[in-house]
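Protein chains in written order, with our numbering: chain G, 1 to 286; chain B, 1 to 286.
Don't read these hints as lab results, they were simulated from the structure.
It is possible that part of the hints are untrue.
All copies of an identical chain are treated as equivalent in the list; a pair is satisfied when it fits inside any one copy or across any two copies.
[Said to hold, decoys possible] In silico DSSO-like links for lysine-lysine, alpha-carbon gap of 27 Å or less:
1. K143 <-> K280
2. K56 <-> K280
3. K18 <-> K113
4. K143 <-> K276
5. K27 <-> K100
6. K56 <-> K206
7. K113 <-> K180
8. K125 <-> K203
9. K125 <-> K18
Number of protein chains: 2
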Amino acid sequence: MSLWFSENYADGVVFSIKVNKQLASVKSEFQQIDVYDSDDLGRILVIDDYLMLTEKDEFIYHEMLVHVPMAVHPKVEQILVIGAGDGGIVRELTRYDYVKKIDLVEIDEMVIKVCREFFPQIASKFDDARVNIHIQDGLEYVKYCQNQYDLIIVDSTDPVGPGEALFTEDFYRNCYKALKDDGIMVNQHESPFYPIDVAGMKKAHKKIYRVFDISEVYQAHIPTYASGHWLFGFASKKYHPTRDFNADRWNSLGIKTKYYNTDLHIGAFALPNYVKELLKEAENEV
Amino acid sequence: MSLWFSENYADGVVFSIKVNKQLASVKSEFQQIDVYDSDDLGRILVIDDYLMLTEKDEFIYHEMLVHVPMAVHPKVEQILVIGAGDGGIVRELTRYDYVKKIDLVEIDEMVIKVCREFFPQIASKFDDARVNIHIQDGLEYVKYCQNQYDLIIVDSTDPVGPGEALFTEDFYRNCYKALKDDGIMVNQHESPFYPIDVAGMKKAHKKIYRVFDISEVYQAHIPTYASGHWLFGFASKKYHPTRDFNADRWNSLGIKTKYYNTDLHIGAFALPNYVKELLKEAENEV
């Protein structure tokens, strides 16, 4: 017998991972959560049939969503993380000594429970004293926040199911309001290649561009996500992601990373022409 | 009925493309050449069951293998291209008016024939007066060249089958000899993620590093290649790929590209830490 997890990148494009066994299968109030073990990619987390992470390459996504804004803002102390129930974002954030408070808002407590049990190297810092877990809808939580955070990280699923609310203009406006005057928001921004991901990318960019003073997009090589070319949004009230970036300051912190470095920080914002054109199309729809 | 082309990235990782029909299937003296049509990625070229290119993303590979060295060397006039029977490299090279001669050495005439027929937008410049096609083993051809080329482009298949000879130290030494004193060699350099590609990457890097004065590696997002994170080698006798790079000169040429731009040129050489470590391991084997 041979058991495969398959994900469609398009109607006629499929990525498949051979799995040894299913370690967990939980139907939560919000979604279907599955954990599989594989030889080639380690354990994998699947939500509503979409691959969320693999042990082999999760460091790329988590490092890029955390260290890029942390290397731009001179002193992030108050942080709001939306989604991120697997714990990877929190793990990276707790490496900064000067961070004072991390509010993690996850709608589905079951994701945290499953990841604590099956991904202990990822869900490793939930018990850090600075971390406050709020089991709540991120959209609701952020409504009541004002001028409070230095950094908001939106670690959403794709814009379907519970993740969809995190791609609305209302949500981004509330994030803007929740940030201090020099605050930064970064978000999972989909991908520029397969049509369904391009639609998500443009949807997010159009709205963030409308709400924030500075709205740039950066990229990383994430092998197990569709096309391997994944994007993140960097939205800000004050700091530009490359012009206001101080490589020496970040390097002096001595944080050891497997993907991120300060040369790559600049390179991540150097997008291919075809991606810049897609983003420009989204901006012109405004 | 549903027909799929599948490629294994690892024993338990498969990438599959739904194809409408097979347009060509030719067994040449050297290899099996197949052409399929697909809805999502256009026509695709397959050699010995490995995906060589798709119409949808071939521009990325071809632009990155051509425009990066062309933007570093101030005046490439004499060029040797090894492999590249699909014509994509030649198409990009002929966009430079100042190029005087392009020697294309392809071992398998059948690849050229098939691509002329089924990929007319890629094999579009074989009839340019500056192009000389040599149906010959690249390894043999380059043995008899000395101090002759400004640029050598090694557009090899993977290091198995006929492509294997293009990953030997002998071959790289002959390329070195075939180049002028300020010559550049670029090559298809495999990928840093799945083990079989990592082996090819290290094999190539170790040898090129041993032969050339300057040996750097750069990257691109190529969605239909394994992991989407593809590498290229930049080896040179004199010019450093970023320090000797003149963005203004290249931009003044007015060449319109879909992927490459001069900011991305710098970014392409900013590799993730884990890739730098793998390359360092290969260098230390020397």
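Outcome of the hint check:
1. K143 <-> K280: neither (29 Å within a copy, 49 Å between copies)
2. K56 <-> K280: Between copies only: 20 Å across, 34 Å inside.
3. K18 <-> K113: This pair counts as within: shortest intra-copy Cα distance 25 Å, inter-copy 38 Å.
4. K143 <-> K276: Answer is neither; intra-copy 32 Å and inter-copy 43 Å both fail.
5. K27 <-> K100: Neither. Shortest intra-copy (35 Å) and inter-copy (66 Å) distances fail the 27 Å Cα cut-off.
6. K56 <-> K206: between (32 Å within a copy, 25 Å between copies)
7. K113 <-> K180: neither (32 Å within a copy, 63 Å between copies)
8. K125 <-> K203: neither (32 Å within a copy, 39 Å between copies)
9. K125 <-> K18: For K125 and K18, the Cα distance exceeds 27 Å both inside one copy (30 Å) and across copies (42 Å).
Of the numbered hints listed earlier, those contradicted by the structure are 1, 4, 5, 7, 8, 9.
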